[in-house]
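Student: Residue numbers (the working numbering), protein chains in the order written: chain A, 3 to 116; chain B, 610 to 723.
Hints were generated in silico from the structure; no laboratory data involved.
Think of the CB as a built atom: it goes at the ideal place given N, C-alpha and C, for glycine as much as any other residue.
One or more hints might be untrue.
Beyond 12 Å from chain B on every Cβ pair, some chain A residues (computed) [what the hints assert, rightly or not]:
| no. | residue |
| --- | --- |
| 1 | 6 |
| 2 | 13 |
| 3 | 14 |
| 4 | 24 |
| 5 | 28 |
| 6 | 30 |
| 7 | 44 |
| 8 | 71 |
| 9 | 87 |
| 10 | 93 |
| 11 | 103 |
| 12 | 107 |
| 13 | 108 |
Once the Cα atoms are required to be at most 25 Å apart in a straight line, the calculated BS3-like pairs of lysine-lysine come out as [said to hold, decoys possible]:
| no. | chain 1 | residue 1 | chain 2 | residue 2 |
| --- | --- | --- | --- | --- |
| 14 | A | 39 | A | 56 |
| 15 | B | 639 | B | 622 |
| 16 | B | 711 | B | 622 |
| 17 | A | 39 | A | 73 |
| 18 | A | 39 | A | 58 |
| 19 | A | 56 | A | 73 |
| 20 | B | 711 | B | 661 |
| 21 | B | 661 | A | 56 |
| 22 | A | 70 | A | 39 |
| 23 | A | 39 | A | 7 |
| 24 | A | 7 | B | 711 |
| 25 | A | 39 | B | 711 |
| 26 | A | 58 | B | 711 |
| 27 | B | 711 | A | 70 |
| 28 | A | 56 | A | 7 |
| 29 | B | 711 | A | 73 |
| 30 | A | 7 | A | 58 |
| 31 | A | 7 | A | 70 |
| 32 | A | 7 | A | 73 |
| 33 | A | 39 | B | 639 |
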Amino acid sequence: DQQVKQNSPSLSVQEGRISILNCDYTNSMFDYFLWYKKYPAEGPTFLISISSIKDKNEDGRFTVFLNKSAKHLSLHIVPSQPGDSAVYFCAAISYGGATNKLIFGTGTLLAVQP
Amino acid sequence: DAGVTQSPTHLIKTRGQHVTLRCSPISGHKSVSWYQQVLGQGPQFIFQYYEKEERGRGNFPDRFSARQFPNYSSELNVNALLLGDSALYLCASTPDRGRREKLFFGSGTQLSVL
Numbered sequence: 003d004q005q006v007k008q009n010s011p012s013l014s015v016q017e018g019r020i021s022i023l024n025c026d027y028t029n030s031m032f033d034y035f036l037w038y039k040k041y042p043a044e045g046p047t048f049l050i051s052i053s054s055i056k057d058k059n060e061d062g063r064f065t066v067f068l069n070k071s072a073k074h075l076s077l078h079i080v081p082s083q084p085g086d087s088a089v090y091f092c093a094a095i096s097y098g099g100a101t102n103k104l105i106f107g108t109g110t111l112l113a114v115q116p
Numbered sequence: 610d611a612g613v614t615q616s617p618t619h620l621i622k623t624r625g626q627h628v629t630l631r632c633s634p635i636s637g638h639k640s641v642s643w644y645q646q647v648l649g650q651g652p653q654f655i656f657q658y659y660e661k662e663e664r665g666r667g668n669f670p671d672r673f674s675a676r677q678f679p680n681y682s683s684e685l686n687v688n689a690l691l692l693g694d695s696a697l698y699l700c701a702s703t704p705d706r707g708r709r710e711k712l713f714f715g716s717g718t719q720l721s722v723l
């Protein structure tokens, strides 16, 4: 049962344009949603997060939108840069237990073309 | 400051063997989590330890075990290796206070089981 889904395995965008990465979830009890970025041969690095009580969070070129009724979130990168080329993982966490267990999606490979 | 360090970076084992993976968290971080990332999938939670106590365990067989030492470093042990255990094993640390969802990952150990 995949609670966090990223249906697009890859995305190609021109430098300077907007990149939109999408993520769907099934569990309404998630408290936070996150995006992690992963370069080859490196571990994932935290990018941006959003609380389940918010609908938007912005950090520089990165904005995450949350649509709770549709159980959907998206990451917007504007403008896209070649250095943004990486695998982007959507993740979610519930604070009901003692752990900080993240549930990850399968990832979207973003390629930003110069 | 050093980030999360994992050793070894690569490992090749044969079916039935045992493996031990090691992780040193960021200085001051008391919580360590282990994730398994199979090719084409997102990371999956295996264990979390805090102050040497197990805080959570994912849906993995008993062949997988872990422990945390007084200096907060951790080991992940896998017995009776199967071909399906081939994966990137990621260690992540978090401080004992602050945002539980923001994990700091190491670069991982790539395990190949032949």
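Student: All hints, please: hold or fail.
Tutor: Going down the list of hints, with the structure as the test:
1. Chain B draws residue 6(A) into its interface by the beta-carbon criterion, the shortest separation being 8 Å against a cut-off of 12 Å.
2. Chain B leaves residue 13(A) outside its interface by the beta-carbon criterion, the shortest separation being 16 Å against a cut-off of 12 Å.
3. Against chain B, the non-interface label of residue 14(A) holds: every CB pair exceeds 12 Å, the least being about 18 Å.
4. The beta carbon of residue 24(A) is kept farther than 12 Å from every beta carbon of chain B, the shortest such distance being approximately 15 Å.
5. Look at residue 28(A): its CB is around 15 Å from the nearest CB on chain B, clear of 12 Å, so calling it non-interface holds up.
6. Annotated as non-interface, residue 30(A) keeps its C-beta farther than 12 Å from every C-beta of chain B; the closest such distance is 17 Å.
7. Chain B draws residue 44(A) into its interface by the beta-carbon criterion, the shortest separation being 5 Å against a cut-off of 12 Å.
8. The Cβ of residue 71(A) sits about 22 Å from the closest Cβ of chain B, beyond the 12 Å cut-off, so the non-interface label holds.
9. Chain B leaves residue 87(A) outside its interface by the beta-carbon criterion, the shortest separation being 18 Å against a cut-off of 12 Å.
10. Consistency note on residue 93(A): stated as away from chain B, yet its beta-carbon is not over 12 Å from all of that chain's, at 8 Å minimum.
11. Not every C-beta of chain B lies more than 12 Å from that of residue 103(A), the closest at about 5 Å, which undercuts listing it as non-interface.
12. Against the 12 Å criterion, residue 107(A) falls within the reach of chain B, whose nearest CB is about 5 Å from its own CB.
13. Distance check on residue 108(A): its Cβ comes as close as 5 Å (rounded) to a Cβ of chain B, failing to clear the 12 Å threshold; non-interface status is violated.
14. For a cut-off of 25 Å, the pair hint linking residue 39(A) to residue 56(A) stands: about 22 Å separates their Cα positions.
15. Distance check on the hinted pair: residue 639(B) and residue 622(B) sit about 30 Å apart at the alpha-carbon level, beyond 25 Å; violated.
16. This hinted pair does not check out: residue 711(B) and residue 622(B) have alpha carbons roughly 32 Å apart, beyond 25 Å.
17. Only pairs whose Cα atoms come within 25 Å are accepted, and residue 39(A) paired with residue 73(A) is accepted, the gap being roughly 21 Å.
18. This hinted pair checks out: residue 39(A) and residue 58(A) have alpha carbons roughly 19 Å apart, not beyond 25 Å.
19. The hinted pair formed by residue 56(A) and residue 73(A) meets the criterion: a straight-line CA distance of about 13 Å does not exceed 25 Å.
20. A threshold of 25 Å between alpha carbons decides the hint, and for residue 711(B) with residue 661(B) the separation of about 20 Å falls inside it, so the pair holds.
21. Restraint check for residue 661(B) and residue 56(A): not satisfied, since their Cα atoms lie roughly 35 Å apart, outside the 25 Å limit.
22. Between the alpha carbons of residue 70(A) and residue 39(A) the distance comes to roughly 23 Å, so the proposed pair stays at or under 25 Å and holds.
23. In summary, the hint linking residue 39(A) to residue 7(A) is supported, as the alpha carbons are separated by about 16 Å, within the 25 Å threshold.
24. Proximity of residue 7(A) to residue 711(B) is assessed by CA-CA distance (about 20 Å); at most 25 Å being required, the pair is judged to hold.
25. Our distance criterion of 25 Å between C-alpha atoms is met by residue 39(A) and residue 711(B), whose separation comes to about 13 Å.
26. Restraint check: the Cα-Cα separation between residue 58(A) and residue 711(B) comes to about 18 Å, which is no more than 25 Å; the hinted pair holds.
27. Annotation: proposed proximity of residue 711(B) to residue 70(A) holds, straight-line Cα distance about 21 Å (limit 25 Å).
28. Annotation: proposed proximity of residue 56(A) to residue 7(A) holds, straight-line Cα distance about 20 Å (limit 25 Å).
29. At roughly 21 Å between alpha-carbon atoms, residue 711(B) and residue 73(A) fall within 25 Å of each other, so this suggested pair holds.
30. The hinted pair formed by residue 7(A) and residue 58(A) meets the criterion: a straight-line CA distance of about 20 Å does not exceed 25 Å.
31. The suggested pairing of residue 7(A) with residue 70(A) holds, with an alpha-carbon distance near 15 Å, which does not exceed 25 Å.
32. Taking the CA atoms of residue 7(A) and residue 73(A), the gap is about 11 Å. The hint holds against a cut of 25 Å.
33. Annotation: proposed proximity of residue 39(A) to residue 639(B) holds, straight-line Cα distance about 24 Å (limit 25 Å).
The earlier numbered hints that this structure contradicts are 1, 7, 10, 11, 12, 13, 15, 16 and 21.
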